[in-house]
Amino acid sequence: MRIKTTRFSEIEVPEDKVLRFPQGLIGFEEMKAFAVISRGDSPFVWLQSLDDPDLAFVVTDPGFFVEKYNPTIDQRSAAHIGISPRPSFPAEPVCGSGPTGSESPGGEGVRLLVIVTVPGEPTDATINLQAPIFVNERTMLGIQVVTMNPAYPLKYRLFGDGLAAKGRDSGAGPYP
Amino acid sequence: MLVLTRKAGQSIMIGDGIEVRIVQVKGTGDQASVKIGVSAPEAVRVLRKEVFDEVAAENRRAALEHVGSVDELERLAQIRQR
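Protein chains in written order, with numbering that gives the first Met the number 0: chain A, 0 to 175; chain B, 0 to 81.
Hints in this document: simulated from the structure, not taken from any laboratory. Check before you lean on any hint, since a few could be wrong.
[As the list claims (entries may be wrong)] When the alpha-carbon atoms are kept at most 25 angstroms apart in a straight line, the in silico PhoX-like pairs for lysine-lysine are as follows:
hint, chain 1, residue 1, chain 2, residue 2
1, A, K3, A, K31
2, A, K154, A, K67
3, A, K154, B, K48
4, B, K48, B, K25
5, B, K34, B, K48
6, A, K31, B, K48
[As the list claims (entries may be wrong)] Some chain A residues near chain B, calculated using beta-carbon distances under 8 angstroms:
hint, residue
7, F27
8, L54
9, S83
10, P118
11, M139
12, F158
Beta carbons: idealized from backbone N, C-alpha and C, even for Gly.
Start from the sequences, fold in the hints, and give me the full structure.
Next comes the structure, spelled out in structure tokens:
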């Protein structure tokens with residue numbers, strides 16, 4: 000299908016790249032369908048709303064950035080998109096290249112994504128570990144769930160290991 | 000807002016699919032709290048309001064991304080991997 004977008008002008012989206020959120024995303028309850036737009040081997044993927052040309056999110060596979068991130072999904076939410084309530088995630092990213100992990104134990108057909116926020120400077124970008132998106136890859140149904148684990152913050156810095164500070168202090172531009 | 004008085008064990012129905020039950024009432028004054036049980040269809044998202052508000056606000060912030068900032072993110076991610 001062809002869709003109009005603000006960021007990417009008019010684009011062709013194959014049916015199997017349409018991700019549906021029966022409940023919408025939190026705060027965006029009416030936005031139930033998004034095109035998955037990935038670029039090469041980038042760890043970042045766009046979710047472009049099919050309903051609102053202006054609305055798009057950047058998401059990523061948390062496996063690229065966080066070790067031991069294993070959020071749970073409650074039974075109702077899991078049932079809602081037709082997955083097992085206790086998937087366990089491989090460290091292996093499902094999009095692009097990156098650290099390659101082992102075989103996916105238990106998490107077959109389930110993809111985990113987190114939403115990226117760029118508050119201004121990309122060096123300050125954060126991912127939302129508190130409210131990840133679970134996707135049933137077979138049906139392309141997704142749901143955003145809230146985990147109550149205090150180890151998983153709403154804002155987890157992507158480049159928290161001094162990279163941001165290095166960029167700012169160098170004076171010769173953000174990239175060393 | 001509709002305000003109803005209920006006792007522990009009593010419920011209200013919202014539509015014909017959502018039941019909100021007062022499970023327990025305890026404490027008085029500032030310490031007062033109620034335990035609430037919600038039965039709702041899977042399609043209905045049930046969250047504490049403050050959690051909903053926080054996540055919704057973060058989603059709204061995330062929705063403002065520009066195409067250019069993703070180019071920057073990719074460069075930073077590459078640096079990070081080295």
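CA of K31 of chain A to CA of K48 of chain B, is that 25 angstroms or under? holds, 21 angstroms
With 8 angstroms as the cut and Cβ atoms as the points, is S83 of chain A at the interface with chain B? With a closest approach of 15 angstroms, the S83 of chain A hint is violated.
Hold the hint about P118 of chain A up to the distance rule: shortest CB distance to chain B must be less than 8 angstroms. Holds, because the Cβ-Cβ distance from P118 of chain A to chain B comes to roughly 7 angstroms (cut-off 8 angstroms).
Holds or violated: K34 of chain B and K48 of chain B, Cα atoms, limit 25 angstroms. holds, 15 angstroms
Once the shortest beta carbon distance from F27 of chain A to chain B is found, is it less than 8 angstroms? holds, 6 angstroms
Is the hint on F158 of chain A kept, meaning its closest Cβ partner in chain B is under 8 angstroms away? holds, 5 angstroms
Are the Cα atoms of K3 of chain A and K31 of chain A separated by 25 angstroms or less? holds, 16 angstroms
Holds or violated: the hint that M139 of chain A contacts chain B, with Cβ atoms closer than 8 angstroms. Result: violated, 17 angstroms to nearest chain B Cβ.
Against chain B, with CB atoms and a cut of 8 angstroms, does the hint on L54 of chain A hold up? holds, 6 angstroms
So if I understand the rule, the pair passes when the alpha-carbon distance is 25 angstroms or less; does K154 of chain A with K48 of chain B pass? With Cα atoms ~19 angstroms apart, K154 of chain A and K48 of chain B stay inside 25 angstroms; holds.
Pair hint K48 of chain B and K25 of chain B, alpha-carbon separation not exceeding 25 angstroms: holds, 21 angstroms
CA of K154 of chain A to CA of K67 of chain A, is that 25 angstroms or under? holds, 17 angstroms
Hint compliance for this structure: hints 9 and 11 are broken, all remaining hints hold.
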